[in-house]
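Peer 1: When you get a sec, could you build the whole thing from the sequences and use the hints?
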Amino acid sequence: KAGVTQTPRYLIKTRGQQVTLSCSPISGHRSVSWYQQTPGQGLQFLFEYFSETQRNKGNFPGRFSGRQFSNSRSEMNVSTLELGDSALYLCASSLRDRDEKLFFGSGTQLSVL
Amino acid sequence: EDQVTQSPEALRLQEGESSSLNCSYTVSGLRGLFWYRQDPGKGPEFLFTLYSAGEEKEKERLKATLTKKESFLHITAPKPEDSATYLCACSGGTSYGKLTFGQGTILTVHP
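Those protein sequence lines, which keep their order, are chains R and P. For the first sequence, this note's numbering begins at 61 and goes up steadily by one. For the second sequence, this note's numbering begins at 3 and goes up steadily by one.
Keep in mind that the hints were calculated from the coordinates and are not lab data. Treat the numbers as computed from the prediction; the structure is a model and nothing was measured. Where hints are given, some of them may not hold.
Stated by the list, open to error - Quick list of in silico lysine to aspartate or glutamate cross-link-like pairs, EDC-like style, CA-CA up to 16 Å:
| hint | chain 1 | residue 1 | chain 2 | residue 2 |
| --- | --- | --- | --- | --- |
| 1 | P | Lys59 | P | Glu72 |
| 2 | P | Lys71 | P | Asp4 |
| 3 | R | Lys117 | P | Asp4 |
| 4 | P | Lys81 | P | Glu17 |
| 5 | P | Lys71 | P | Glu57 |
| 6 | P | Lys81 | P | Glu62 |
| 7 | R | Lys117 | P | Glu3 |
| 8 | P | Lys61 | P | Asp84 |
| 9 | R | Lys161 | P | Glu47 |
Peer 2: Structure below.
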């Protein structure tokens with residue numbers, strides 16, 4: 061069974077640009093969440109989706125947004141990139157509603173120059 | 003605000019030298035405490051979920067325990083392949099789907 065797939069694996073952008081990251085959850089999983097990982101802050105929660113609805117959002121500015129499609133695939137978007145947005149962005153999926161046992165992808169490493 | 007603190011930040015062991023990693027938490031209405039393992043360049047890999055004080059779970063050389071204030075990850079006779087960053091995370095309150103992570107413990111096991 062394939063795991064959580066994130067694309068692209070690496071991304072280099074410049075300040076002011078925007079970026080879209082993609083996540084395909086494990087087949088049959090309906091909940092998707094996103095985390096940002098940096099050496100200084102560790103893993104921080106961005107948002108969580110279930111059945112195309114964002115149910116929870118972390119303390120990030122409005123430049124960070126996301127969505128989930130009817131096939132449970134998810135995208136997150138960061139607009140007007142800042143240097144501090146450089147991080148590993150991790151997507152995780154879980155099987156059922158309110159199931160907090162998360163399965164993570166390998167992440168997208170975003171570098172903002 | 004929920005807080006999760008892990009110690010030590012880094013731990014170096016000789017192969018076969020058993021030890022423990024600590025995770026202390028301040029979470030309102032703890033629902034679950036999770037342990038993950040993360041290898042370089044990869045996402046966290048799920049190890050255990052603990053739900054109530056006194057609960058214990060084991061997997062190979064790893065054993066996780068939970069009290070009302072902290073959790074321990076015991077590593078018995080570690081091998082070099084156990085080298086990784088071990089992350090502790092908690093969920094609680096009314097915010098489902100949001101885990102609060104600790105900073106992790108970097109474990110290095112020397113042969």
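Peer 1: Would you mind marking each hint as holding or not holding in the structure?
Peer 2: Now for the hints, and whether the structure bears them out:
1. Lys59(P) to Glu72(P): Distance of about 15 Å is within 16 Å: holds.
2. Lys71(P) to Asp4(P): holds (12 Å)
3. Lys117(R) to Asp4(P): holds (15 Å)
4. Lys81(P) to Glu17(P): holds (5 Å)
5. Lys71(P) to Glu57(P): Roughly 13 Å between the alpha carbons, so the hint for Lys71(P) and Glu57(P) holds.
6. Lys81(P) to Glu62(P): Holds, at about 11 Å.
7. Lys117(R) to Glu3(P): holds (15 Å)
8. Lys61(P) to Asp84(P): Between Lys61(P) and Asp84(P) the Cα gap is close to 12 Å, so the pair holds against 16 Å.
9. Lys161(R) to Glu47(P): holds (10 Å)
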